[in-house]
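Engineer: Given only the sequences and the hints, what does the whole structure look like? Please build it.
So you can see what is in the structure, the chains are spelled out below.
2 protein chains.
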Amino acid sequence: MPEIDIHICEVGPRDGLQNTKTFMPTEAKKAWISALAASGLPEIEACSFVNPKLIAQFTDAAEVAAHALTLPGVEVSALVPNLKGAERAAAAGIRRIILPISASEAHSHSNVRKSVDEQVAELERIVALRDGQAGAGRLRVVAGISTAFGCTLQGAVPEADVIRLCARTAATGVNGVSIADTVGYANPVQVRRLISAVRAEIGLKLATAHFHNTRGLGLANCLAAIEAGVMSLDSSMAGLGGCPYAPGASGNVITEDLVFMLEAMGLRTGVNIGRLLEARAILEAALPGAEFYGHLSKAGLPKGFRPAEAA
Amino acid sequence: MPEIDIHICEVGPRDGLQNTKTFMPTEAKKAWISALAASGLPEIEACSFVNPKLIAQFTDAAEVAAHALTLPGVEVSALVPNLKGAERAAAAGIRRIILPISASEAHSHSNVRKSVDEQVAELERIVALRDGQAGAGRLRVVAGISTAFGCTLQGAVPEADVIRLCARTAATGVNGVSIADTVGYANPVQVRRLISAVRAEIGLKLATAHFHNTRGLGLANCLAAIEAGVMSLDSSMAGLGGCPYAPGASGNVITEDLVFMLEAMGLRTGVNIGRLLEARAILEAALPGAEFYGHLSKAGLPKGFRPAEAA
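Residue numbers (this note's numbering), protein chains in the order written: chain E, 40 to 350; chain S, 40 to 350.
Rather than coming from a laboratory, the hints here were simulated on the basis of the structure.
Quick caveat: nothing in here was measured; it's all calculated off a predicted structure.
Fair warning: there could be bad hints in the mix.
The list treats identical chains as one, so a pair stands whether inside a single copy or across any two.
Stated by the list, open to error - Lysine to aspartate or glutamate pairs mimicking DMTMM-like chemistry, simulated, CA-CA at most 20 Å apart:
1) Lys-337 <-> Glu-66
2) Lys-69 <-> Glu-82
3) Lys-69 <-> Glu-126
4) Lys-69 <-> Asp-170
5) Lys-60 <-> Glu-317
6) Lys-342 <-> Glu-144
7) Lys-69 <-> Asp-200
8) Lys-337 <-> Asp-99
9) Lys-92 <-> Glu-266
10) Lys-69 <-> Glu-163
11) Lys-123 <-> Asp-170
12) Lys-244 <-> Glu-126
13) Lys-244 <-> Glu-82
Structural biologist: Okay, structure coming up:
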């Protein structure tokens, strides 16, 4: 397995499909996730253990997770909206879970039907669940700070609120904190400033950054986050996804373009770009009519391009 | 007139239309350029004084230039492929011209049917033309270094070749040098490294950077260029354009998204985003069937967004 400079978590099967109208057949999900893993992606957020009555896309979460967990060399994570989701994820064999907690009170009510305080209490219960588990197979729990860079409902989100929420969630004993631009409001200056401030508060507990590409700044924000010291980024194949509460949302950071940018910059991702594009072909065939983004898949690699591994 | 931190030159009427199959009617070009100027853009590359037999889009270059020159508060520039073009531009009243000179020998032959040496000689003749003019209305001559970050024909372009060509062109006495990623090969690390190296060689004669968005890295590269000290960037409304010698080319840096990124970062562009989107509507109506890019025009501004001027 190659060494990695920047860790990419592919969130398409969760964040992407969560926002897709069509149900992707379970077998197609499995084939897609297999192809994603075969490309060398080190982590895949495979599904969400949300109530299937709320999001029908994830009715098959346990089956999809079970398949993903058979794949060698890839870490499988899942989103959970609450303790019940965490218990279902654990029962399905998932070992890394992300609980979203909004920095915006308004978004918290929209997204998980709880106040921010109630969701922090939910996080504490999930951490207690983890602490009751036996050592080796224990859950790792990540607090995903949503709307950290602004909110379509509330507008600006004070940075002090985000820093305080990161500190509160870190204090619960989570394994990591992830900071998310859920609605695509972030800009590179803000990214560097906020990440530096959060790092000053909770250090390396700030593990990951998650950007959307709603206003086209996805890669520029990833660049700024790396410069601020973040070494793990979320992205979605073909930019699939967005946010149901972000009007005109046009997708996540595009995995293929992100991998190209990083490899071109000499940063190893462990991902084989050719195989990544094969996984995209599987996705496109399985979701006719969905909106797919991305430049690299159209333009191809530069003539004579050498990925970071070969440097 | 507001103070400006980053100067944007809108190249859509030249670089965009050069790559558009449909002829844009002259009156529509005038209306579009008027709307672009009304948005506060400080510079518009209005046309190309290329042989109309080669690119029919610019048959009306003199008429378009004459119109643009009537607009208050905007600098009008034009591309010229050779001395003859420079003479035509000067006769049309243009005062700022850009001569493309490829860093790649193969691209030079494709693009201007001359070797790099022959094109440098052409630049010397244009500088002599300028030096023969009376003081106040003199031409300003910019050398546009094409394929500075790689070439679809040649592949990698050695940085030493680019630095040497920048030094040669600066030594001719040009008013400025512009560095261009003609085919969308650049990445942010390369941008910072090459711009720093060119700056070390020719200082502030390196005036402008010009990126394409072929592989989606346009804004990330603009960010890197600004961090390396560049204060003037080219971009194209709706990302219109590309390069006829870049297969799968998907457009220029998108002006609307660039203005949004800069203003969100607190950098003043002098551009009113609302008026910029009005100019886009004129463009879209005038070129049915063309491919338009851009995220901001779909997603709109963040709730409570304040441009840099109001900060």
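Engineer: Checking an output row: Lys-69 and Glu-82, CA cutoff 20 Å. Within, between, both or neither?
Structural biologist: Within. Shortest intra-copy distance 15 Å satisfies the 20 Å Cα cut-off; inter-copy 52 Å does not.
Engineer: Is it within, between, both, or neither for Lys-92 and Glu-266, if the alpha carbons may be no more than 20 Å apart?
Structural biologist: Neither: 41 Å inside a chain and 48 Å across chains, both beyond 20 Å.
Engineer: Which holds for Lys-60 with Glu-317 at a C-alpha limit of 20 Å: within a copy, between copies, both or neither?
Structural biologist: neither (23 Å within a copy, 32 Å between copies)
Engineer: Is it within, between, both, or neither for Lys-69 and Asp-170, if the alpha carbons may be no more than 20 Å apart?
Structural biologist: Result: close neither inside a copy nor across copies, 31 Å intra and 69 Å inter.
Engineer: Please sort Lys-123 with Asp-170 into within, between, both or neither, judging by C-alpha distance up to 20 Å.
Structural biologist: Intra 16 Å, inter 78 Å, cutoff 20 Å: intra-copy only.
Engineer: Since the copies are identical, ignore which copy is meant and state whether Lys-69 and Glu-126 lie within 20 Å (CA to CA) inside a copy, between copies, both or neither.
Structural biologist: Cα proximity of Lys-69 and Glu-126: none, with 22 Å in one copy and 64 Å across.
Engineer: Within, between, both or neither: how does the pair Lys-244, Glu-82 come out at a Cα-Cα threshold of 20 Å?
Structural biologist: Result: close within a single copy only, 18 Å intra versus 46 Å inter.
Engineer: As a check of your reading, is Lys-342 near Glu-144 (CA-CA no more than 20 Å) within one copy, between copies, both or neither?
Structural biologist: Between. Shortest inter-copy distance 16 Å satisfies the 20 Å Cα cut-off; intra-copy 49 Å does not.
Engineer: 20 Å Cα cut-off: does Lys-244 pair with Glu-126 within a copy, between copies, both or neither?
Structural biologist: For Lys-244 and Glu-126, the Cα distance exceeds 20 Å both inside one copy (23 Å) and across copies (63 Å).
Engineer: Classify it for me, Lys-337 with Asp-99: is the Cα-Cα distance of at most 20 Å met within a copy, between copies, both or neither?
Structural biologist: neither (32 Å within a copy, 33 Å between copies)
Engineer: Indicate which option fits the pair Lys-69, Asp-200 if close means a Cα-Cα distance not exceeding 20 Å: within, between, both or neither.
Structural biologist: Answer is neither; intra-copy 39 Å and inter-copy 49 Å both fail.
Engineer: Checking Lys-69 and Glu-163: alpha-carbon separation at most 20 Å within a copy, between copies, both or neither?
Structural biologist: neither (32 Å within a copy, 63 Å between copies)
Taken one by one, the earlier hints fail for this structure at numbers 1, 3, 4, 5, 7, 8, 9, 10, 12, listed in ascending order.
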